[in-house]
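Each chain, letter by letter, is given below.
4 protein chains.
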Amino acid sequence: MSESGSGKNFVHVCKARVRYGETDQMGVAYYGRYLDWFEMGRTELCRAFGKTYRDWEAEGVMLPVVEANCRYRSPLFYDDVICVETTVTALTTVSVTFQCRVTRESDGRLAAEGWTRHAFVNPQGKLLRKGNPLADWLKEQLAYL
Amino acid sequence: MSESGSGKNFVHVCKARVRYGETDQMGVAYYGRYLDWFEMGRTELCRAFGKTYRDWEAEGVMLPVVEANCRYRSPLFYDDVICVETTVTALTTVSVTFQCRVTRESDGRLAAEGWTRHAFVNPQGKLLRKGNPLADWLKEQLAYL
Amino acid sequence: MSESGSGKNFVHVCKARVRYGETDQMGVAYYGRYLDWFEMGRTELCRAFGKTYRDWEAEGVMLPVVEANCRYRSPLFYDDVICVETTVTALTTVSVTFQCRVTRESDGRLAAEGWTRHAFVNPQGKLLRKGNPLADWLKEQLAYL
Amino acid sequence: MSESGSGKNFVHVCKARVRYGETDQMGVAYYGRYLDWFEMGRTELCRAFGKTYRDWEAEGVMLPVVEANCRYRSPLFYDDVICVETTVTALTTVSVTFQCRVTRESDGRLAAEGWTRHAFVNPQGKLLRKGNPLADWLKEQLAYL
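Protein chains in written order, with our numbering: chain A, 1 to 145; chain B, 1001 to 1145; chain C, 2001 to 2145; chain D, 3001 to 3145.
Since the hints were made in silico from the structure, they are not lab data.
Some clues are possibly wrong.
[As the list claims (entries may be wrong)] Result set (BS3-like, lysine-lysine): computed pairs, CA atoms no more than 25 Å apart in a straight line:
| # | chain 1 | residue 1 | chain 2 | residue 2 |
| --- | --- | --- | --- | --- |
| 1 | D | 3015 | A | 15 |
| 2 | C | 2051 | B | 1015 |
| 3 | D | 3139 | D | 3126 |
| 4 | C | 2015 | B | 1015 |
| 5 | D | 3015 | A | 51 |
| 6 | A | 15 | D | 3051 |
| 7 | A | 126 | A | 139 |
| 8 | C | 2015 | B | 1051 |
For reference, chain A alone in the conformation it holds in the complex (with noise of 0.2 Å):
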């Protein structure tokens, strides 16, 4: 994993393989597993950042994602190694927007970039409108970069 930039222009970087069961038989990778990349990719920048997602999820801060959006540019294969670039470019006291890069690491070559949008939530499901402790935490560490 590698970070480069600052503030809002953050990126996190971490890197996975393609495995067998994401390809489909086009031979390529299924165009939903993208979706679980983003996950890995939103997991890992909240590690960078010192404190996990689980740990946020265990404290009672939920983040449902909105919406999601993919742009698919090139097909990846198995066993490619890729690298998945995360950023947060959205924060306000209810939702958190994540984008997304995967690149495939041999050529460097953008496989996909989209982006998902989260709101805050309770383990009820109800929005944190006030005393949102991840969205301070995520302006805080944004803020340090």
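Keeping the supplied structure of chain A fixed, place chains B, C and D upon it in accordance with the hints.
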């Protein structure tokens, strides 16, 4: 499965149940699984038109996804029956867009809506600009409705 | 869905189609997906008995898998209709075993057969030795058949 | 990744994290996902031997799964680091068996153990009885250890 509307208003509906393995630890259907359901909807729309997507692929026309979008409106739970409504909303010689709505059968509540845009390519991944039998066929089907 | 046999010979059958995302680059259904279908079979067996597994879980009885086994006999392809036949083959106060056969509807060919063994636990993961309402109920259902 | 032992005792270890989408509503990793991790272990074992499974497949040797078995010993949770230990336990001209143990890195606890048996086939699905380069190569690798 049922159908309603005509031409571009034609809506194909198919049903499925949320599987246990499609839920996550938040207790709801995982956001990536919706793209599997969108795919199921496209498959069934083609079948309703009288020729399966499997047949089209066997004849050398493929529909890789170029972009996908999904807005999550309300959660789905294990064992919920979902209705996947699929429509063709745009069709050119080189691409087609499917609109998708997922509702919960028990109360008709909208769970998610989104779309996927696809390119028409041959097995070598080359765009089928001219002589695209699948695009011609879809146009014909929609015109008859 | 259909049913046949009685008691321990009772076989519940439900159907599904192989989804595109369930195939891999070998052009056949990926071996891990069969366990999702086995789960679908168990879910539908409970429903056929008159009470859903969702209800059982809501009442505090869970069925984590202790062991799973699958023999793959012949490949399944995208869009194949599969018949999932499920039977209860062993039942004690602490565990239950479901047998599963997956056949292809078009030609009746056996695609895979296997079984899953489950423990009866409470939401805290503790074995339900005494006062196991789900085991009692399953025994009753099988006796009536 | 690490390795230990020699010959048939050779154990290859690779690591991964449990993804959010791999959990289910019981709050633990879904039982079907373990087969994806077994596959990851096999892939990395081949790579450690000096030739990737992707290469083998490109040369026309495939390894469809004939039987899979998994015993679940203790649950895994989102974000757990898992160690996947893979060994070749049986090898003939027509089939190979991989043994797999999944442990949790934090406390070394055994989460699951199992095995998969595979046939050696050509791209047309025909058994490679004679002239099976992958079986020869695996035998050689294990002998050198």
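Verification of the hints:
no. : hint               : verdict
1   : 3015/D with 15/A   : holds (12 Å)
2   : 2051/C with 1015/B : holds (21 Å)
3   : 3139/D with 3126/D : holds (21 Å)
4   : 2015/C with 1015/B : holds (12 Å)
5   : 3015/D with 51/A   : holds (21 Å)
6   : 15/A with 3051/D   : holds (21 Å)
7   : 126/A with 139/A   : holds (21 Å)
8   : 2015/C with 1051/B : holds (21 Å)
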